[in-house]
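K.L.:
Can you make the complete structure from the sequences, with help from the hints?
In the order they appear, the protein sequences are chains A, B and C. Okay, so the first sequence: first residue is 1 according to my numbering, each after it adds one. Okay, so the second sequence: first residue is 1 according to my numbering, each after it adds one. Okay, so the third sequence: first residue is 1 according to my numbering, each after it adds one.
Keep in mind the hints are simulated off the structure, nothing from the lab. Mixed in with the good hints there might be a few duds.
[What the hints assert, rightly or not] Subject to a maximum C-alpha distance of 25 Å in a straight line, what follows is the list of computed DSS-like cross-link-like pairs (lysine-lysine):
#1 C/Lys140 x A/Lys386
#2 A/Lys386 x A/Lys314
#3 A/Lys314 x C/Lys140
#4 C/Lys12 x C/Lys85
#5 C/Lys115 x C/Lys85
#6 C/Lys140 x C/Lys179
#7 C/Lys85 x B/Lys11
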Amino acid sequence: MKRLTISLRRQLFATPADGIISVGLLALLSWAGWGVLNWAINSAQWLVVRANAAALTIGRYPEAQEWRLWLLLGMLTSLAGLSWGRLRGASGWPLNDRIAAGLLLVLAVGVPPLLAFGPLNQIRVLFLLLILLLGRLAFSHRLSQALSKRFGDWWALIWGVAYVFGLWLIAGGLGLQAVRPSDWGGLLFTLLITSLTLLLALPLGVILALGRRSSLPLFRYISVGIIELIRGAPLITLLFLGQNLVGFLAPNGLAPDRVWRATGVLTVFAAAYLAEAIRGGLNAIPRGQFEAARSLGLSSVHTMALVVLPQALKVALPAMGGQCISLLQDTTLLSIIGLFDLLGIARSVLANPDWLGRYAEVYLLLAVLYWCSCAALSLGSRALEKRLASPGLQSIPKPQ
Amino acid sequence: MPVPWWRDNRKLGWLIQLVAGLFLLLAIALLLGNLERNLARAGLRLTLGWLNQPAGFDIAETLLPYRASDSYGRALLAGFVNTLRVVVSGLVLATALGVAVGAASFSGNPLLRSVTRVYVELVRNIPLLLQLVFWYFAVFLSLPSADQALQLPGMQLAKSGIYLFGADLVNGELVGGLRLSLELAALLTGLVIYSAAFIAEVVRGGIASVPLGQWEAAKSLGLKPLQILRLVVLPQALRVIVPGLNSQYISLAKNSSLAVAIGYPDLYAVAETTLNQTGRGIEVFLLLLVVYLMLDLVISVVMNAIDRLVRLQER
Amino acid sequence: MNATKQLMIEAKGVQKWYPNGFHALRGVDLEVNRGEKVVIMGPSGSGKSTFLRTFNALEDYQEGTVVVDGMELNNDLRNIDAVRKEVGMVFQQFNLFPHLSVLDNLLLAPIWVRKRNRAEVEQQALALLERVGIAEQAHKFPGQLSGGQQQRVAIARALCMEPRLMLFDEPTSSLDPEKVREVLDVMRQLAIDGMTMVVVTHEVGFAREVADRVVLMDEGRVVEIAPPDQFFNHPEHERSKRFLAQIL
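P.N.:
Shown next, in the form of structure tokens:
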């Protein structure tokens, strides 16, 4: 302990200039920190959050149908737990995992009462945490290791099926009451739009990237044109276009629901940026890979699908992860065109005269939610990178 | 034996393009047909003549003199000037802050390094729009009235605006000096803080790309850290930094359009009002597209010129 | 694909210009019989690799004809695909697929091109890996192997398609000297087993031992074709003598 303080002191006050900076920063940080804490505990009114927790998380989803959301959440947490376990392998409980589990426990116990969850919901949250941890634990056991070896390749498919089933469950099927997309709101809406857009934009982005590198001039110019046009325009103008002008382009003014129009615009927008990231990955693959595949007799399609794209996507993964995070943040623009994503709901809550002036509380909560989601995406992307790196691959090319 | 066309390596490419091109033309013709019909039905033939009609709405603040009786064209121009105001000052301020933070991340002081790290990680993961509304609604709108204005070195902050370079209290109001509206101030603050974080990362990447040997050689020559940075490392780091800055600047220019969310009348905001009043969706959208694309082009051209300058000096 | 055809490769008057105008091949002729081993040598830039790569359509040509195992290589996609199935190629840079295991590298083409059953190809693949001496590495990834091991995997990968002709483009030029021997041993055994081989290489010892004929190329032309004894000891042309003086 003494050694720590001595080394800290030496580093922080190495030169007179350093000393001034350190003292100045410490003063500033403590003043700001104290001010925020003081405000948060004394003058802030958190009632606005408690009263609107439901709206903020799920929008206008009918209360009687909430059990469907809990069911979906349960499914997702169990899959997440199993994926977590699978990513870590049979290495027991490393420190990071233990810290994460502890943190989650604290959050699961402490946050629901703050948000005025009823006792039933508090128990549900705890139950979900249990499922998550059980899923994680399941992979330490040798039996599940064996199962994983056999069904490991089907993992992506399982997630895909779960996703589609979840969407269907929420929207209404199996004789369940339909809930219109315009009633989905808040955090639920934000997460759904982000994931749906991503899923649709990925194949489109691959197509655009391949088109941009094509030797056929028509496809190349069209791809370049689309990509540069979209990247040059502010997203808000494109969303604007989608909302107001699609009606002009469709026959007889027939146009799909506003939510789907916005999703379409976001998809094309994300695809253009993803295409650039994927193109970087494709450029990094040496020509020899193409030649070896072709000389073995593989067709162009097989070469792309089996040899080049798997490698290119791996190289492009960091850039694509960044695009994911950008996409999540871009969904906030939906609030400007009147859709009820998380920010949109927040602003409508603040417009309510009951909650006038409670901007700081609500926006701070939102900041925390978005920050956690983006940080989670960041961590997930990095974990995926490590998992997918082929062993012994030091020569993996870096994108230019 | 002549090769049948469907197996001919050379002809296949052109054939595919021909077929694809035909499909594309068909699709475009269809869409344009719909467009024509729908526009005709709404009584809105594509034209730019309406730009001369009186706008009939006010613009909260303009650098360009403007009245509600002026034309739509003039209104849009005023909006464009407002956009330029934000973009130019935003670029300058964000670059200054970003370079400072980026350089600071290499400081010997661990506290300073941590602070820059926290700043970047915090700002990058919170959506810009959220930061903008936070600054505007939660911070700037809750400033005290003019007679109890917040005093900071060189500026006074009050509900009526931000006053730089000296302003005096006259009859309970602040007059004189350079006044920034709350909207502009909030927009600038949010944009600058957000963009600076990304610029800092670009700068950091650029400095990190300079081999350690350069630092060591400079240090052994007796140069101080700040001198090393200025004379040895930054010039070399600029090679990597300038292209990165290009995309960040373009992002900033595009992000300025979020002004509409906090009531600053930039080009997009004025365009939206124009559209709501005239219903001329296609023309307005095309105008916006052209203007923003040209803005991007100008930034790219300037940055490419700087890029060439930075590289030439290497020779 | 007449099995009794003697001529494996028949190239006549092949001319190639690169898009930038460079005249890479200036009318080259070559005939390779079934079971023959031909070594092509020459200074860098002589067009020897380019010529080799016209045999499996990795390079196209503007004039002349190249007929491989009775199939003419022209614009006909069907011919190109058919030829590539029967011709195997080994590259200077190995070009193994880094995201697949060694075994999967071998299995990829037979499964997807020849539409064979995975289990049966696996048997064959493992036998091939045994033959080139790296059966234990079957489940490793290319990045975990040494250069010599990777090249041997590349040879096995090409052999897994059961080709009738094997092309080698400077197979040992990227290897450390100690690793060259292990790859040449594999190639030597392949020759003994009767494979038709065309090899572009600088390895004189290999040429002397294995080649039936040596072809010298320079500036896009064939300078001399002769059996190794004659070529290395009593070359006819001035340029051959100059070349040999440089490398011997």
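K.L.:
A separate judgement is required for each hint: does it hold in the structure or not?
P.N.:
Against the structure, the hints come out as follows:
no.	hint	result
1	C/Lys140 x A/Lys386	18 Å, holds
2	A/Lys386 x A/Lys314	10 Å, holds
3	A/Lys314 x C/Lys140	19 Å, holds
4	C/Lys12 x C/Lys85	22 Å, holds
5	C/Lys115 x C/Lys85	12 Å, holds
6	C/Lys140 x C/Lys179	19 Å, holds
7	C/Lys85 x B/Lys11	23 Å, holds
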